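S.K.: Next come the chains, spelled out residue by residue.
2 protein chains.
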Amino acid sequence: MKATKHDTSYPMVYRAAALEKELREGAKKPFTEIIKANVNDAQAVGQSPITFVRQVLSLVVLPELSNDSRFPEDVKKRAKEILDGCKSGSVGAYSESTGIEVICKQVAKYLELRDGVPSNWANIILTMGSSEGVQYLLSAMNEKVEGKKPGIMIPIPEHPLYSACISEFGMEQVGYYLKEEKSWSPETEELERAYREAAKICRPRAIVVINPGNPTGEILKRRNIMNVIKFAHKHNLFILADEVYQDNIYEGSKFYSFKKTIAQMGSPFSEVELASFMSCSKGYMNESGLKGGYVEVVNTDPQVISMLVKSFSVRLCSGTDGQAALYCMTNPPQPGEPSYEQFKSEKEGIFKSMAARAKMVSDGLNGIPGISCNAVQGAMCAFPQVKIPEKAVAKAKSDNKCPSTFYALQLLEKTGVYVDPGSFFSQKPGTYHFRITILSDYDKLKFILKKIKEFHLKFLEEYK
Amino acid sequence: MKATKHDTSYPMVYRAAALEKELREGAKKPFTEIIKANVNDAQAVGQSPITFVRQVLSLVVLPELSNDSRFPEDVKKRAKEILDGCKSGSVGAYSESTGIEVICKQVAKYLELRDGVPSNWANIILTMGSSEGVQYLLSAMNEKVEGKKPGIMIPIPEHPLYSACISEFGMEQVGYYLKEEKSWSPETEELERAYREAAKICRPRAIVVINPGNPTGEILKRRNIMNVIKFAHKHNLFILADEVYQDNIYEGSKFYSFKKTIAQMGSPFSEVELASFMSCSKGYMNESGLKGGYVEVVNTDPQVISMLVKSFSVRLCSGTDGQAALYCMTNPPQPGEPSYEQFKSEKEGIFKSMAARAKMVSDGLNGIPGISCNAVQGAMCAFPQVKIPEKAVAKAKSDNKCPSTFYALQLLEKTGVYVDPGSFFSQKPGTYHFRITILSDYDKLKFILKKIKEFHLKFLEEYK
Chain A
240 MKATKHDTSY PMVYRAAALE KELREGAKKP FTEIIKANVN DAQAVGQSPI TFVRQVLSLV
300 VLPELSNDSR FPEDVKKRAK EILDGCKSGS VGAYSESTGI EVICKQVAKY LELRDGVPSN
360 WANIILTMGS SEGVQYLLSA MNEKVEGKKP GIMIPIPEHP LYSACISEFG MEQVGYYLKE
420 EKSWSPETEE LERAYREAAK ICRPRAIVVI NPGNPTGEIL KRRNIMNVIK FAHKHNLFIL
480 ADEVYQDNIY EGSKFYSFKK TIAQMGSPFS EVELASFMSC SKGYMNESGL KGGYVEVVNT
540 DPQVISMLVK SFSVRLCSGT DGQAALYCMT NPPQPGEPSY EQFKSEKEGI FKSMAARAKM
600 VSDGLNGIPG ISCNAVQGAM CAFPQVKIPE KAVAKAKSDN KCPSTFYALQ LLEKTGVYVD
660 PGSFFSQKPG TYHFRITILS DYDKLKFILK KIKEFHLKFL EEYK
Chain B
240 MKATKHDTSY PMVYRAAALE KELREGAKKP FTEIIKANVN DAQAVGQSPI TFVRQVLSLV
300 VLPELSNDSR FPEDVKKRAK EILDGCKSGS VGAYSESTGI EVICKQVAKY LELRDGVPSN
360 WANIILTMGS SEGVQYLLSA MNEKVEGKKP GIMIPIPEHP LYSACISEFG MEQVGYYLKE
420 EKSWSPETEE LERAYREAAK ICRPRAIVVI NPGNPTGEIL KRRNIMNVIK FAHKHNLFIL
480 ADEVYQDNIY EGSKFYSFKK TIAQMGSPFS EVELASFMSC SKGYMNESGL KGGYVEVVNT
540 DPQVISMLVK SFSVRLCSGT DGQAALYCMT NPPQPGEPSY EQFKSEKEGI FKSMAARAKM
600 VSDGLNGIPG ISCNAVQGAM CAFPQVKIPE KAVAKAKSDN KCPSTFYALQ LLEKTGVYVD
660 PGSFFSQKPG TYHFRITILS DYDKLKFILK KIKEFHLKFL EEYK
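So the sequences go chain by chain: A and B.
Per the working numbering, the first sequence runs over residues 240 to 703.
Per the working numbering, the second sequence runs over residues 240 to 703.
Just so you know, not all the hints are guaranteed correct.
Since the list can't tell identical chains apart, any single copy or any two copies may satisfy a pair.
[To be verified] Within a straight-line C-alpha distance of at most 30 Å, the following computed DSSO-like cross-link-like pairs (lysine-lysine) qualify:
hint	residue 1	residue 2
1	K319	K583
2	K439	K387
3	K689	K439
4	K260	K344
For the record, the hints were derived by calculation from the structure and aren't laboratory data.
Just so it is clear, the structure is predicted and the values come from calculations on it, not from any experiment.
When you get a sec, could you build the whole thing from the sequences and use the hints?
M.R.: And the structure:
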């Protein structure tokens, strides 16, 4: 199985841990700490949770606090609605395998409001974060057809969740390259190329799209989405839309959901099979640790849904507190409710700051000769391309390393700044990247960008 | 895939839902509600959570409550210890893939205290309930050897989690019958028979043992455990010990862990590979909805553990609040701490009541002619054997139903009492059972037993 970021055999993790140990033991280094510029988890790097969410969660676990006048009425109301949906009024009971009914229904309402398109709550499954949904959906597609392995098309660069699952399930990974020069767009010609080649060795079954992009930070234009839908329709592919960053939209961009676009395109495209994934781990809540997520499955045979539910039922249910967080996300305070002003201010503060940091990262990186970075339109990261000098490429290869890993390891060694190399997400052959997230605070981010610039110039000098 | 209890295609679920609908629509029935005598989830049927646990959880999600004088100091201390172990002090951040370090270490301490045997915290992985641990462990064993499928030995009767996973992963299920006449014990002769037959078609790789038993309610004697360990050693099998009911011990019985027994047996048995599963879903906490669990892996090659950790890392981490609940379970209030007396009283109250109901169920069932039930020594259920008259067996077969399902469906239809038929857990051919749990409250349980008796006598009459 492919290495994951949390895996100590991954050379970056391994080396960073060794450096941290050396620092603790008093070794002299050109830096005093490892700065994790790769962290994609806002609360891990100090972002505060949304007060409303945490208040609701506290009442849900300890309902007797509802008598306390310090909790606003809308908080009490949400907590009561969640508890009323739990067996015997307790989050300590298992919920239905697909989630607490009132929360599934709330998710459906939220989606109807988002898209203006009907959403059937019976097609919504609450999951342990979005990763669980992806795992089960992929697993459900794992059947050979006419002796051929199922193939899953994934964007390159991709999120390693996909390649890890595909490899674990023994399916065929079919990469299609996003066009970096066109804001990382999926182009029909490239999709067709990838499909053509894959069809020789496997049975392509689904296409994964990550929008807003991770690690790339782009937002798909409506035209791009329509092209993917047409392509999926032509080849009878299931679309797996990873839309977990749908609330992280900067730069005046706009998010179009696959669900809405499919509906708007009308027949026959409106019949394309789709699963859309979402979670409370990103957006403004960033409740990653609570593992609340959902998948909405659209246009799928009820028998397939029923099989899917059956396989989810093996793990009984997803965590009820993650479900409760999802209820808060899909049923936030409304104007006139007592929590509204504070909620609005916290949410807007988070997005405003993220948007500023997104611009700061792309601007900063573009100010370094030999590094080019698309605008970070959404999500929480940038994926700049680095021109690595030929001599450095040769050195990396003689070390048996991908040049992007070599670069990231050198950056770590010289500055203590930890970014994930492009090889971790896969990249077009001959191009080299790294992923940096926008989540460090303003001053740290400024420092990181300065360190990257200094390092990069020296690196160019060393290998010129 | 095999039907699961939460699956609407399962005839019991399907029929119960239909009956509930008829009742709502005003249909006349010999009962006014469906009584779920199969529920294995204490809080779902009204058991209160442990105050200490919920207080800690509320502080963990809303740390500002720590200034509140109504929370005892030991509650605040636990919450602080958990938060200190979280990135940036928030449960909203992902933890390490294997769980928050301080909680893994606490689990190890708790196990050392339980067994008097060293426990290495690096061998402990915190999971989403025990089911996730089982899924990942089984999945890790899914490799063909010399062209043969891996075989997993499971007790019959079993918990359907095992058969569902084995079938989903395409492994070979190897059932060994528990000896009902000897308190559902696993007998070496039968283990050897099952192994011998299985070895012809697959490569037996692991043996699952559920202790205390589900659905059977027995507690293995130390001698039984030693026999299983010897057997596993002889055939180089990995032991998967499902010990989630280890705190639910009644009837003056004693729980022996596989870990301790292995250690006590000394070399070469002390080198047998073992994974033991536990969760907060049972015992006295019964926090099923929070999905906190762990697996301890013993005597396994560090490389295998590292592969296992890699595969767990795909889902990033288990829910942090489930992990927090596990911290409470493994670090409960101690004598002298302010929460101790209330905690002790709540915990003892729960166990006392469960023990009384366990006895009530087995006594009640044994008082019905043609039903025999082993003592419920542990866990939360009984698995009585029912002598089904030949005419009823014939009728069931003509309906294309297992006689135990036919019996349970008739019971449901005539009384509204819902029990799970033995076929759901598998049973020795020619024997028929059902599983009833001990969790309904005293009065309801009395009513249920009365209804079963009335039904059974009429059933005998009808098919005599």
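S.K.: When the hints from earlier in the document are held up against this structure, which numbers fail?
M.R.: 3
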